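Let chain A serve as the given structure and place chains B and C on it in line with the hints.
Taken in sequence, the protein lines are chains A, B and C.
If you read the first sequence in our numbering, its first letter stands for residue 6, the second for the next number, and so on.
If you read the second sequence in our numbering, its first letter stands for residue 5, the second for the next number, and so on.
If you read the third sequence in our numbering, its first letter stands for residue 2, the second for the next number, and so on.
No wet-lab data here; the hints were simulated from the structure.
Check the hints yourself; a few may be wrong.
Covered by chain B, per the in silico footprint, the following chain A stretches (three or more residues, Cβ under 8 Å) [claimed, not checked]:
id, segment
1, 89-96
2, 158-170
3, 185-199
4, 213-225
Note that the structure is predicted; figures quoted are calculated from it, not measured.
Even glycine gets a Cβ: it sits at the ideal position worked out from N, Cα and C.
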Amino acid sequence: MTDLKALLAIAGKDFRSEARSRAATVATVFFSSVTLVILAFALGRDAELMRGAMPGALWVALAFSGVISAAQSWQGDLQEGALDQLLTLPFPRAALFLGKLLANWLSMTLLGALLLPVAVAFFGADVAAAAVPTLLVTIALGTLGFAVIATFYAALTANLQARESLLPVLMFPVVVPILLAAVRATEAAVGSGDIALARSWIELLAGFDLVYLVVTSAIFHVVVEE
Amino acid sequence: MTHAPSERRPAWLNVLAALAVLGLAAGAWTGLVTSPPDVNQGELIRIMYAHVSVAWISFLATGVAAIAGMIFLWRGARLADVVSVAAAEAALLFGALTIIGGMTYSRPTLNTFWTWDAKLTLTALMVALLVGVFVVRGLIDDPQRRGRVSAVILIVVLASLPLNYLAAEWFRTLHPAKAIDLTGGGVTMDPIMLQILLLNVVAAALIFGWLMAERIRIGLREARALEAREARERDREDEVVRVR
Amino acid sequence: MTEEAPAPQPATEDPTAAATERPLAVRLERVARRFGREQVLRGLSLRLPAGRIVALRGSNGSGKTTLLRLLATRLRPSSGRASVFGRDLVREAAAVRREVAYLAVHGGSYGTLTARENLRLACVLTGAPQDGVDAELARVGLSEHADRPVRVFSSGMKRRLGLARLALRDAALWLLDEPYASLDEEGRELVDDLLSRARARGRTVLIASHEPERLAGRIDASITIDRGVLLHGATE
Numbered sequence: 006m007t008d009l010k011a012l013l014a015i016a017g018k019d020f021r022s023e024a025r026s027r028a029a030t031v032a033t034v035f036f037s038s039v040t041l042v043i044l045a046f047a048l049g050r051d052a053e054l055m056r057g058a059m060p061g062a063l064w065v066a067l068a069f070s071g072v073i074s075a076a077q078s079w080q081g082d083l084q085e086g087a088l089d090q091l092l093t094l095p096f097p098r099a100a101l102f103l104g105k106l107l108a109n110w111l112s113m114t115l116l117g118a119l120l121l122p123v124a125v126a127f128f129g130a131d132v133a134a135a136a137v138p139t140l141l142v143t144i145a146l147g148t149l150g151f152a153v154i155a156t157f158y159a160a161l162t163a164n165l166q167a168r169e170s171l172l173p174v175l176m177f178p179v180v181v182p183i184l185l186a187a188v189r190a191t192e193a194a195v196g197s198g199d200i201a202l203a204r205s206w207i208e209l210l211a212g213f214d215l216v217y218l219v220v221t222s223a224i225f226h227v228v229v230e231e
Numbered sequence: 005m006t007h008a009p010s011e012r013r014p015a016w017l018n019v020l021a022a023l024a025v026l027g028l029a030a031g032a033w034t035g036l037v038t039s040p041p042d043v044n045q046g047e048l049i050r051i052m053y054a055h056v057s058v059a060w061i062s063f064l065a066t067g068v069a070a071i072a073g074m075i076f077l078w079r080g081a082r083l084a085d086v087v088s089v090a091a092a093e094a095a096l097l098f099g100a101l102t103i104i105g106g107m108t109y110s111r112p113t114l115n116t117f118w119t120w121d122a123k124l125t126l127t128a129l130m131v132a133l134l135v136g137v138f139v140v141r142g143l144i145d146d147p148q149r150r151g152r153v154s155a156v157i158l159i160v161v162l163a164s165l166p167l168n169y170l171a172a173e174w175f176r177t178l179h180p181a182k183a184i185d186l187t188g189g190g191v192t193m194d195p196i197m198l199q200i201l202l203l204n205v206v207a208a209a210l211i212f213g214w215l216m217a218e219r220i221r222i223g224l225r226e227a228r229a230l231e232a233r234e235a236r237e238r239d240r241e242d243e244v245v246r247v248r
Numbered sequence: 002m003t004e005e006a007p008a009p010q011p012a013t014e015d016p017t018a019a020a021t022e023r024p025l026a027v028r029l030e031r032v033a034r035r036f037g038r039e040q041v042l043r044g045l046s047l048r049l050p051a052g053r054i055v056a057l058r059g060s061n062g063s064g065k066t067t068l069l070r071l072l073a074t075r076l077r078p079s080s081g082r083a084s085v086f087g088r089d090l091v092r093e094a095a096a097v098r099r100e101v102a103y104l105a106v107h108g109g110s111y112g113t114l115t116a117r118e119n120l121r122l123a124c125v126l127t128g129a130p131q132d133g134v135d136a137e138l139a140r141v142g143l144s145e146h147a148d149r150p151v152r153v154f155s156s157g158m159k160r161r162l163g164l165a166r167l168a169l170r171d172a173a174l175w176l177l178d179e180p181y182a183s184l185d186e187e188g189r190e191l192v193d194d195l196l197s198r199a200r201a202r203g204r205t206v207l208i209a210s211h212e213p214e215r216l217a218g219r220i221d222a223s224i225t226i227d228r229g230v231l232l233h234g235a236t237e
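Only chain A is shown next, with the shape it has when bound in the complex (with noise of 0.2 Å):
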């Protein structure tokens, strides 16, 4: 299928662009742990706080740098008029916005299954190895969703030439409730490992993905129209 062939085609362009310029690779990973540091610095005073909190500072520590990654992923694509030179090619606009996505959203999983140790580490949680595989689920599926409000916002924001700050005004709300399943999820599979419930917020998890990502998909062409 030809339209998948294009969606890979992008995918693969902003995937080998990013690992070009190792320097916003780098800028992510260390961004994203510094704030897990401090998180950790500033709830560190009580034990079972701290334990508690992990969850929650995972998910800040990746919604702050998924943000700030999602608007520099499309900075190249305005550069040299290049962005405006692809949209007059014959293909689906759905299929650029799905290449985005998925590079975007392999690199904050591969993002979230880095900070997860260090997470785990910092914040003194005991992780069952049974919960592993629920957790991997949870990143994947959260950052996803994440990935889609966050890549469809930045390419209004990119569009539309507003201030980067504009971003996080824009998409927060819808992603709160996203992070929140994230966060419940993560919280339950940790510590007392009830995988149950876990699941049941991973289930909501993938309704939101999944309507989200049917809607964004359906409405791009409108995003990236002068």
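Relative to chain A, chains B and C alone:
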């Protein structure tokens, strides 16, 4: 196209305004004076009438804004965009009133200004999203593009309503404290109270309708002025240049 | 700039006679475009038959780029109707894109990708085979630089890459915005070569350019935009 209604204020608009004001008065009277105090919540139940009716209308208005936006995307008629903006403004207003009502209630009862009640949280998120719609609209000069982008954001807002409600409910069921239960038991409300509530809802709907009518009138006038200016700036000649 | 205009078409001319000669590549009917408070295109009506190579003249700010971008489906008309090879520009935008290739003033390539990768990307997105990529790179003199990221290219090199992409796409309608700008003599000859190839293949070309002398002899006609309006008649 945007037709030109007469410049004089139409009679039906005055009738609507009168009805809205009457409705407001009737609703306020019944809510504040006629209604018996609640068994559990006493006089505080009176806030419920205004709060619930205003809340319902704010969600209705958001729905209207999103659907009008979708019509604009599909058809491009300026009327649709005007309706969308009017409804979004009303939704913002009624949403803000809902939040104020909720805070007014929660302070005396729960001794806090805010509680993560599902409906209140949902309303707060919706108000934040609506503010976003207006911020974005302010950034776009071209009316067509502005209407299209605004419509697209409203679609996301509309999609978020049921999802956010679900999430907030889910959250609340696991943290059962501090719920606002204004309807004092839900469906098993005293029939008199139910009537008063419905009256207030109708009053709120009338006010909404009236505000919409006024706002749409203004919006249409603006759109017509814009169209007139554009027509003036277009070339009047209809010369076709043919390349041989 | 004066032109000896052939007389404007008499109203009694039979439009079907013109239609059977050759299909219309571009049909504009009172196309207007406004940006906020500024009316850039004021109502253009144009009939451009297929296979013609036409220069689009006009001073800066007259609306040349806006018109080209409109035809490239990057902009919608504020009013009026436009169609390319019979496809409505707004309602059938996706179909129009298949027929149109656009060379913008900007390079239009991704700085983080190599020249070759940029062309390959365009091929995948157009559904075209990738075999022509190396040949076109050679043709525009970028073979040695094919695997360098475009961000290190000079503006002339970026232009040449744009020309290569245009040739690769080989669309039915080519839109060129100031193709000669920022090119050395060798680069300009590449543009001339491109125009010859277009002519040979029967492509329709619309070139916005400030260089009438260079184009004379290579074009079939020229039309002029002045402050958003097409001036009377097309000239040779």
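Status of each hint after checking the structure:
{"no.": "1", "hint": "89-96", "result": "violated (count 0)"}
{"no.": "2", "hint": "158-170", "result": "holds (count 3)"}
{"no.": "3", "hint": "185-199", "result": "holds (count 3)"}
{"no.": "4", "hint": "213-225", "result": "holds (count 6)"}
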